[in-house]
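Enquirer: Read off the chains here:
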Amino acid sequence: MGDIKGLGARHIVLVLCSFALVWLALAATKVPPLEALGQLVQGSMGSPAAWKQTFREMTPLLIAGLAVFLALKAGLFNIGADGQLVIGAAAAAATAIKVPGLGGVLLACLAAIVAGGLWALPAGWIRAYRGGHEVISTIMLNNIAGFLTVWLVTGPMRDPTQQSGTTAVLSSDSWIPAAVAQPPFSLSWTLPVGIVGVVAMALWLKRTVVGFELCAVGANRTASETAGVKVKGVTVWALMASGGLAGLAGAFFVLAYEHRFYANFSPGYGFDALGVALLSGGSPWGLLPASFLFAVLSSGSSAIQLTGVPKGLNGILLGLLIIVFASVRYRRSRLGDD
Amino acid sequence: MEVSLSGVTQRFGAVTALDDVGFRAGRGAIHALVGENGAGKTTLMRVLFGALQPNAGTIELDGKPVHFRNSADAINAGIGMVSQHYSVIPELTCLQNLMLGAEPGWLLSESKAKSRATELAGRMGYSFNWGDSAEGLSPAGKQKLEILKLLWRDAKVMILDEPTAMLSPADSEALYSSLASLAAGGATVIVVTHRLPEVMDHCQTVHVLRGGRNVANSLVAETGSRELAEMIVGHDIDERAVEQSTVGDVLAGVNGVTLKGYRGDDAVEDATFVLRAGEIVGLAGVDGNGQRELFQALLGRQRLSRGSIMFSGEDWTETGPRERIERGLRLIPEDRHLEGVIDEWSLEENAALGLQRLPPFARGLWVDSAGRRDAASRIADRFKTKHGGLRQKMSSLSGGNQQRYVAARALEVAPKLLLAFQPTRGLDIDGTAQVYGAIRQACQQGACALVVSFDLDELLEHCDRVLTIFHGRVQEPPAGLERDRQAIGRMMVGTG
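So the protein lines, in turn, are chains A and B. For my numbering, add 2 to where a residue sits in the first sequence, where the first one is 1. For my numbering, add 71 to where a residue sits in the second sequence, where the first one is 1.
Where hints are given, some of them may not hold.
Here are the simulated DSS-like pairs of lysine-lysine, each with C-alpha atoms no more than 30 Å apart in a straight line [said to hold, decoys possible]:
1) B:Lys331 / A:Lys232
2) B:Lys135 / B:Lys185
3) B:Lys213 / B:Lys227
4) A:Lys208 / A:Lys234
5) B:Lys487 / B:Lys457
6) A:Lys234 / B:Lys457
7) B:Lys331 / A:Lys234
8) B:Lys464 / A:Lys208
9) B:Lys213 / B:Lys331
10) A:Lys208 / B:Lys455
11) A:Lys208 / B:Lys213
12) B:Lys487 / A:Lys234
13) A:Lys232 / B:Lys487
14) A:Lys232 / B:Lys185
Source of the hints: derived by calculation from the structure; they are not laboratory data. Bear in mind the structure is a predicted one, so any value in this text is a computation, not a measurement.
Using the sequences and the accompanying hints, generate a full structural model.
Expert: Right under this line is the structure:
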């Protein structure tokens, strides 16, 4: 990730290139590209309601993106953000149902961080002390998290008055309120909190000894160990912190938007977060445009269907973006070796 | 094949690495190319090898001008190069390494390849188990394999960059006798080195570069090593007497330390020695005799099977690198890229690596940016690291300059126990003198230092005391023979 520094003109060109490729694909299927793109923009940014939807999508992507980003800085691929997110969401819902009010909200967030962190702990421990790769273990934990939460909402946590597997709706005093509410637009406090999180992450990595050591571990584990960094400890803590952040993303989604937890809660935010972290180009600031872009594509995807283009188009565009970025990264690192 | 380069100019951005340089080497001889770090030796050889396309200049082989677009062109023309860092891939077998990049065809016949490999090895008097993985090869074995790779590719011109940097004295001798037999067979051998005794003993011509320019070109028989040294540096060199520090109390004690090696056997057995305040102690030995493991144990990265390590009255046996660094341990590591620096980080960030929790690099748990910037510029200045700004990446520095920076970093914040593994690796005469001078100064202020080197002469010149290590056993020369080169040399190979 260190190869691409910041967000330069190069990144914008790359994004445009990806759009151009999609343009060609649309033209090839005889859909007017301008119309499709217009629908995408209209559906994601064309009205207050569309903005509301875009910001709603952006929140979990930004915070889970921050989670994946943190692990990446320590040289770890946290593919398990999605599982940590749903575990965090479940923990938050369970807590907020038991403890209503503002205290309950804070407690629910804390529970989500702890639950998400603990969910990542085995992966961190296995990587640090047994050398098992975190990609494998976090993927496995995703599946376990998925089945576990399905069982929870069809069993112990299920609201008996509901047909489907879901918890009860939280009482409205344990919802995270909107920072701006002008129907049909509204913006939850969770997005500003996420932005503050980005700022905090940027400062923490640059300005603290622990942040410095974490980046060192990500850049060169042997040199870090030689430099007196407790690499195993950093590995465990970085994955736990990453899991905690992903859990918080889940909590926010429950407390600010869904107000309940149900089976198959995440539409894959944790996976999209990998793309967000990759597109960030190694800088925490890059998470903001990257998560916004993902959110635009996601919230505009229903609108684009009106032109007869399948909803999967946004997936294609995201895939292209990531391939283009990754190939540029590969080219640059090869040059660097020379 | 006769090689002739003329008018070669190579610029990297604003830096002119080579300025109108010429070089000739005839067949059947060993030619030395000498000069300080950054004099342009390796650059010139990379031009000849086709790895760089110079801004100006011509290359002629046997009088015919040639133009190399890349190294593949040069290899096809019969030029081969062994760089300072061996390109042996440990996961492959010796035979696979030999063939890699020059496979005889699309379908590989193992048995044919093996018979040719054996024939080539036999010609040099080497023997290899071709099916074994290359991981187990000693540095000397890797060097031999590299030479066979040149023969495999039918190289007529063989360029070796610092070929003895990793070799013991005995292996170096053996290498030069191999090179001599290649030269006798008509090859053109070019050795890039800064070890003048090797030039005097083994080479026929010597070419001196300084600051990217030609300085001299003569027959070795017509020059002296002192004269050469002056041409390399550009000024007189003082014959320095070894200054001795006043030796104080015991600071560090290694007691009966036994360490497991990578293969599970004992890499170090029952090592016992002390380091006193004020003294530089050298650890002489052929590479691979347990120096590495002993260093890792002193650093706190390897657990002891038996024994203890004491420092300044404290038991260090169970402490890790962080605690030891806090108490004054400083390291000039063996493998800079692996252990010493983060290549893609700036000089400023690298200045803090290993010292990140100490002032002036940190204030409590916070990074002290101003303190780090000042310290980085002191570190760069101490041994005159040539750099393009402290915010440039570490990888933008040449190897010698990185070494200067890493050595200076180890001396920056109050060292008490300095561990230096080949501290002058890749450094020239001036740089070597500066680094040892600074280590001496730190010791005069009460630190102690343990220096590992494969170069016994360097240790005898700069250390107060020399220990030997052979097959994991650390020994002190008997009384009366403490500085006896012959006796220590015998102990290094286990016949003391």
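Enquirer: Run every hint past the structure and note whether it holds.
Expert: Here is what the structure says about each hint:
{"no.": "1", "hint": "B:Lys331 / A:Lys232", "verdict": "holds, 22 Å"}
{"no.": "2", "hint": "B:Lys135 / B:Lys185", "verdict": "violated, 35 Å"}
{"no.": "3", "hint": "B:Lys213 / B:Lys227", "verdict": "holds, 20 Å"}
{"no.": "4", "hint": "A:Lys208 / A:Lys234", "verdict": "holds, 21 Å"}
{"no.": "5", "hint": "B:Lys487 / B:Lys457", "verdict": "holds, 27 Å"}
{"no.": "6", "hint": "A:Lys234 / B:Lys457", "verdict": "violated, 35 Å"}
{"no.": "7", "hint": "B:Lys331 / A:Lys234", "verdict": "holds, 21 Å"}
{"no.": "8", "hint": "B:Lys464 / A:Lys208", "verdict": "holds, 16 Å"}
{"no.": "9", "hint": "B:Lys213 / B:Lys331", "verdict": "holds, 24 Å"}
{"no.": "10", "hint": "A:Lys208 / B:Lys455", "verdict": "holds, 28 Å"}
{"no.": "11", "hint": "A:Lys208 / B:Lys213", "verdict": "violated, 42 Å"}
{"no.": "12", "hint": "B:Lys487 / A:Lys234", "verdict": "holds, 27 Å"}
{"no.": "13", "hint": "A:Lys232 / B:Lys487", "verdict": "holds, 22 Å"}
{"no.": "14", "hint": "A:Lys232 / B:Lys185", "verdict": "violated, 46 Å"}
Consistency with the previously given hints fails for numbers 2, 6, 11, 14, ordered from lowest to highest.
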